[in-house]
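A.B. asks: For reference, the chains in residue letters:
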Amino acid sequence: MHNNNLKDEVIRISGASPIKCMKCGKCSATCPSFNDMEIAPHMFVDMVVKGRIEELMASNATAHCLSCFACVERCPRGVEPANIIEAIRVIKLRKSGSVQLTPAQIASVIDTEIPQQALVSAFRKFRK
Amino acid sequence: MLKIGVFVCWCGSNIAATVDIDQVVAAAKLQPGVVMATGYQYMCSENGQSLMRKAVEEYKLDGVVICACSPRMHEATFRKNAQRVGLNPFMVEIANIREHCSWIHKDKEQGTIKAIALANAAIAKVSLNAPLISGESSVTKRALVIGGGIAGLQTALDIAEAGFEVDVVERQATIGGNMAKIDKTFPTLDCAACILTPKMVDAASHENIELITYSEVESVKGFVGSFKATIRKKARYVNEKTCTGCGLCMSKCPSKKSKNEFNLGLDNRTSIFIPFAQAIPNVAVIDPQSCIKLTRDKCGLCQSVCEVKAIDFTMQDEIIEREYGAIVVATGFKPIEVDAFDELGYTQNKDVITSLELERLMNAAGPTGGKLVKVSDGSHPTDITFIQCVGSRDCTSRGKEYCSKICCMYTCKHAMLIRDKYPDINVNVFYIDVRTPGKNYDEFYRRAVEDFGVNYIKGQVGKVYAEDGKLIVQGSDLITNEQIFIKSDMVVLASAIEPDPSAKKVASMLTASIDTNNFLTEAHAKLRPVESPTAGIFLSGVCQGPKDIPETVAQAGAAASKVIGLLVKNKLVTSPCIATTDELLCSGCSNCFNICPYGAIGYEDKLINDHGIRETRRIAVVNPALCQGCGACSVACPSGAMDLLGYTNKQIMAEVDAICKR
Amino acid sequence: MQGLEKKIKDRAIELLESGKVDGIIGWEKGQFIYDPTPAVFTKETGLDNFCYNNFCGANLSKYLVGKITSDKKYAVLLKPCDTYSMNQLITEHRVNRDNIYIIGVGCEGHLDVEKIKRNGISGITGVSVDGENVNVGTIYGESTIAKSDVLLGKCEVCRGNAHKISDELIGEELQTPEASDRFEMVNKLEAMTAEERFAFWKGELSRCIRCNACRNACPACTCRVCVFDNGRSGIDSKANASEFEEQMFHIIRAFHVSARCTDCGECSRVCPENIPLHLLNRKYVKDINEFYGEYQAGEEADQRNPLVNFGDKDIDPTVISDKEGN
Amino acid sequence: MQEVKEFKPNIVAFCCNWCSYAGADLAGSSRLSYPADVKIIRVPCSGRVNPMFILKAFEKGADGVIICGCHPGDCHYNTGNFYARRRMTLLYSMLDYMGIEKGRTRVEWVSAAEGAKFSNVMNKFCGDIKELGECVKLGDIRCKD
Amino acid sequence: MIYSYYPGCTLKTKAKELDIYARRSLEALGIQMEELADWQCCGGVYPMAKDEIATKLSSVRTLNQAKELGRPLITLCSACHHVLTLVNHDMKNDSNIRNKANDYSKFDTPYKGETEVIHFLQLLRDVVGFDNLKAKVTNPLKGRKIGAYYGCLLLRPSAKLAFDSPENPTIMEDFIKAIGATPVVYPFRNECCGGYIAVTDKGQATKNVDRIIDSAKYKGCDELVTACPLCMYNVSGNASEGKDISIKYFTELLAEALGVK
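Chains as they are written, first to last, in my numbering: chain P, 1 to 128; chain D, 1 to 662; chain E, 1 to 326; chain W, 1 to 145; chain Y, 1 to 261.
Do not take every clue at face value.
Unchecked claim - Taking lysine-lysine and the DSBU-like style, the derived pairs with C-alpha atoms no more than 35 angstroms apart in a straight line are: (1) D:Lys470 - Y:Lys50; (2) Y:Lys243 - D:Lys470; (3) D:Lys661 - P:Lys23; (4) D:Lys661 - W:Lys8.
It should be emphasised that the hints constitute simulated quantities derived from the structure, not laboratory data.
The whole structure should be built from the sequences, with the hints applied where relevant.
C.D. replies: See the structure below:
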């Protein structure tokens with residue numbers, strides 16, 4: 001499944017250059033969520049190059065990226081995998097509008113100590 | 001007005017089939033200055049050439065136009081032919097009516113019209129030609145080699161063998177360069193010292209070679225055939241001629257805490273020292289930074305024990321000035337600093353080392369006597385992990401965008417040597433690609449895997465950290481798609497190599513160009529790979545780009561042959577098609593100077609007689625030995641003071657004029 | 001302004017008397033207040049006729065070019081915008097810096113007498129700038145006019161009151177006029193169709209009488225012999241045989257000064273036919289800024305100009321040839 | 001009866017000696033045809049082409065001028081075509097600014113191995129010029145009315 | 001010099017300690033700081049998508065306020081510092097974001113990233129100086145083995161944050177030394193705790209936290225310090241049973257050492 005429109009959108013939204021990837025795998029070597037992601041960061045990059053965006057969107061891997069920038073920091077080619085993953089997450093969100101965490105559910109997960117940032121990230125970044 | 005003769009070649013039917021020769025001849029005769037025109041079947045044949053010679057003599061021609069094939073084919077032939085009858089070769093112009101006309105057009109009428117236009121353009125140009133005479137410049141029969149590593153030594157030896165004198169200037173106290181630090185060489189695994197040290201001895205003992213060590217070239221002036229170099233010979237504080245290299249001074253020196261550069265700081269040395277056992281010259285040198293006598297005016301123990309009284313604390317730097325006909329750059333490389341790759345823990349863990357450090361650890365003459373031990377505690381390692389491409393193929397600010405070329409092979413060598421000597425050690429290698437083009441290279445890599453059991457992992461390492469007395473190497477294995485954690489005792493980083501920092505300074509001194517990575521640029525990647533675009537400057541070894549030892553030696557020999565080819569000449573003939581200044585027009589604005597890629601334009605304050613006004617003006621002067629005739633300067637010059645002989649503004653405009661006339 | 005004139009004059013006399021300089025290059029009173037001309041003042045001539053008023057728009061830096069081989073030392077009065085030209089001349093070795101003493105003089109913008117006259121004011125006897133307005137004294141009485149309406153074209157796009165090079169400053173506290181976008185007209189032309197542009201230029205350039213005033217005033221045109229006067233250049237022409245040659249003269253002239261032109265506006269100021277020649281130079285300035293990065297000729301001495309430089313990722317000329325639209 | 005004559009444009013091509021002139025030679029020896037309207041002038045380097053030459057050609061009646069040089073980075077003289085690239089970009093932009101059809105001027109990079117490219121470039125350029133027709137703007141004003 | 005201070009929402013509610021002790025300490029150190037009058041939430045999470053403008057606006061407004069006062073802006077919370085710095089970087093370098101954000105905001109003069117955003121730790125390092133700080137410590141925390149926990153937000157992406165070496169940072173260790181305690185360097189001090197998924201995937205967060213605590217304990221840390229409310233929440237609340245370790249805000253230790261706790 002190739003979708004070049006979606007691919008262009010990913011590149012535009014992320015501002016990243018997946019084509020610069022030389023397939024060394026350093027992003028996946030350094031990723032703290034590697035074992036939680038069914039599609040690893042290096043595969044994200046390669047699949048974007050190949051235009052396989054729908055598959056990436058169907059995967060739940062995006063929800064496990066911590067946006068910790070370890071892959072961005074250590075990538076020798078300046079590819080910025082985290083930005084690519086985020087772009088897919090954003091596109092997914094804009095396309096479906098469904099949310100992972102609904103306001104009604106909040107009461108069940110919230111505790112008094114949760115900092116605001118964690119809630120914001122849960123709503124905005126990870127709601128799908 | 002010139003008397004011009006026009007010869008139109010049929011080239012059998014190659015031209016004659018599409019171009020009406022008679023019409024071209026008839027049209028040429030109508031052009032101003034043309035006193036004769038004729039057609040002939042094959043102008044390049046001996047008969048054709050003699051036809052031209054006869055006509056030159058009979059009609060007293062002072063310009064000739066040949067309408068024939070491409071000038072790239074026979075321009076030289078016809079110019080030589082003109083010379084045989086005393087006509088200046090640059091009074092011959094070619095109109096290309098074959099490749100640019102008859103061969104591409106089918107319509108004879110169109111072909112003929114175009115051939116006439118091309119002939120007219122050549123006639124217009126030749127009528128503005130002036131006889132040009134090639135210049136000559138002398139050649140100093142001595143070469144300078146900058147850098148005394150394997151590249152510089154090989155070049156020097158080859159030049160010296162051909163009978164020319166060579167000076168090798170080496171910045172360090174000994175020649176030998178990086179290769180002297182290496183233990184074994186791939187793919188044959190012979191010991192580096194066994195092949196390098198005999199060459200060092202040969203160079204030292206060769207009657208045509210002078211080794212100027214512990215010295216740097218400070219400035220170079222002049223041009224091909226006659227360079228003048230200023231060399232600073234730094235004070236060693238030890239008389240090179242009297243020191244016997246006995247080493248007594250070293251055993252007495254109380255200052256023993258300086259890092260031993262030769263062993264990359266893995267052990268310490270004294271303040272007075274001989275860099276390594278086979279150093280050439282085998283003479284001590286004093287490190288002025290740590291010497292107690294030189295820093296605090298105490299001690300002086302070495303001086304008192306030296307039996308030949310070679311030590312002189314008052315020694316000063318010495319300036320040597322020499323003339324050379326050719327200069328070879330062989331400044332070599334250094335591994336990059338890997339501190340910036342701190343996820344790999346080089347600055348945080350002693351047992352994370354670079355490949356060159358591993359060479360010293362495995363070298364029998366190294367700090368451990370060749371016994372491979374952990375740097376941290378001297379114990380025997382059981383697991384070693386290699387990481388390739390540290391800083392190579394890296395387009396971020398901390399690395400180099402290019403492939404360092406040698407790391408795949410030396411990592412393979414290291415892995416193999418370790419497995420051979422210590423079969424109990426497990427060796428893992430993280431790689432992105434294994435690049436082994438070269439004779440017996442891939443076989444070598446396969447042997448490491450198949451015969452020596454080295455474990456290659458396709459992937460990269462994200463983090464190296466210490467835990468439970470081991471180094472944990474966290475990496476990816478792209479084949480199994482896993483994130484893996486390998487426990488290791490040592491981690492070896494295959495750091496990228498970069499040009500020696502001196503290369504940039506040397507290049508600008510020589511007006512030789514360098515690329516964005518500070519490698520020196522060759523004149524042509526395929527046709528002139530060992531020459532710099534600046535005439536008389538040659539390139540040897542890694543200063544031009546990453547190379548292994550076999551390639552370096554081959555290139556060093558090639559550079560030497562180019563130098564010999566230059567030095568063997570008594571005079572250099574310079575092309576007369578060069579830029580020239582009209583001194584009355586030049587205003588000295590420097591536009592031409594700024595644009596010249598060869599540093600061929602300089603400025604002189606000249607006394608000018610401008611229609612009776614005598615005054616000193618700043619005038620651009622073209623050095624005919626350096627100018628290559630590209631003409632960029634003539635366009636940069638707004639007043640038209642700078643022009644290109646053979647392709648003057650007026651000549652080209654005359655061609656334009658002839659072609660555009662309807 | 002009159003206070004400033006006095007200050008400059010006093011200083012000039014002091015410099016001449018002390019022998020620090022042999023001559024002062026400045027402005028001399030003309031017949032009217034609005035026609036001062038560049039002049040050299042020496043001990044012999046004295047400074048009685050010296051003037052510095054709101055009509056001293058002329059850029060004096062070029063007057064040093066002829067003095068390059070002289071062993072005399074000259075002081076020159078430069079307004080802020082003139083100092084760019086001075087830097088460019090130093091870069092190109094067309095003046096001898098050692099023999100020049102640069103006095104940076106303050107500037108509040110210079111006026112175009114033609115514009116004043118076009119506003120129906122004649123018989124001008126004096127002017128004074130009062131903030132945004134100009135009070136013009138005439139034989140018929142005083143009138144007031146907005147300064148922005150009567151500035152010289154080059155002052156409308158003033159680059160501020162900083163002198164880029166000077167040995168001393170006098171009156172630098174004067175406020176230079178507020179600048180408008182200097183590329184406004186270039187942009188407007190670019191937005192036209194090719195036919196409109198052609199018509200525009202044909203209309204303008206057909207008035208050219210090849211008087212060479214632009215060439216003579218231009219501080220970048222300092223060739224000993226102009227290429228159009230050089231018999232070996234292949235394009236020499238004493239007078240135009242055709243309109244094409246006019247076009248060619250102006251294109252080549254603009255090209256030769258491109259990347260060296262400081263956009264001082266002298267070409268248009270001196271043109272007797274009021275051809276907006278600066279719009280040619282400014283097009284080059286704009287293109288260079290857009291294609292190769294911001295560059296101001298004469299910002300400092302010894303800059304390497306963009307036409308004797310290159311980048312390996314420069315835009316290709318085909319981008320222009322294949323450009324969409326007109 | 002008056003015959004309508006087919007418009008034959010006059011095209012000047014400046015080719016650098018080391019790449020494009022050799023490329024044109026290769027086009028010839030490979031018999032790759034292009035219109036006879038193209039006439040080549042040999043220059044050592046594209047950096048030798050003075051904007052004056054181009055204007056001169058138009059003055060003398062050329063309908064199109066094309067400059068061919070080594071690919072950027074491959075210049076025989078290292079940097080000549082880099083300078084040419086800047087000069088021509090600015091000159092063409094100026095011609096366009098003066099309302100002269102920008103299609104009449106062109107720069108193409110053709111290596112010694114690109115005989116086919118040379119022929120294609122010339123075919124296309126001739127086609128473009130034919131479409132533009134005679135160089136009227138510069139042609140007509142050659143004489144005062 | 002007076003500095004503008006940006007506390008951020010969390011410091012007013014869940015992370016009051018981080019805020020209070022910072023104010024007290026600065027007073028003791030003689031540095032003047034004024035809370036920005038009309039600050040807004042930074043947005044909580046940096047919107048990485050290049051076309052998300054609206055979610056960056058609250059940061060832009062805060063930054064513009066600081067610019068109008070002409071003072072550097074001091075941040076304390078790692079997350080706020082991360083967001084404000086990255087948005088500021090965009091406003092400076094990304095013309096598309098800059099133009100659009102300014103179109104929305106209609107400030108008197110467009111905001112172009114002029115404000116200097118400084119983290120409290122940088123203030124201690126570069127303005128106060130750790131040597132001076134050491135001299136002012138009245139109650140040195142002798143004998144305490146403290147591990148610095150940087151997390152991810154403060155360090156990465158280093159090209160834009162330019163805070164400290166992203167792989168081998170030293171600023172917090174130097175800080176710990178200055179207040180008289182013993183810093184313990186451990187490898188996972190710059191790895192992510194998983195704060196952003198703390199609500200949606202506790203399991204994954206726990207894994208991350210455990211690894212960090214293991215690493216710290218192995219190297220001999222008795223306690224950890226942090227500048228981040230997310231890390232604080234995650235490390236103190238989401239570790240596995242029995243893995244827990246004491247974690248404090250660095251300002252609390254600072255106040256303690258300065259005797260103003």
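A.B. asks: Output the indices of the hints that this structure fails to meet, ascending.
C.D. replies: 1, 3
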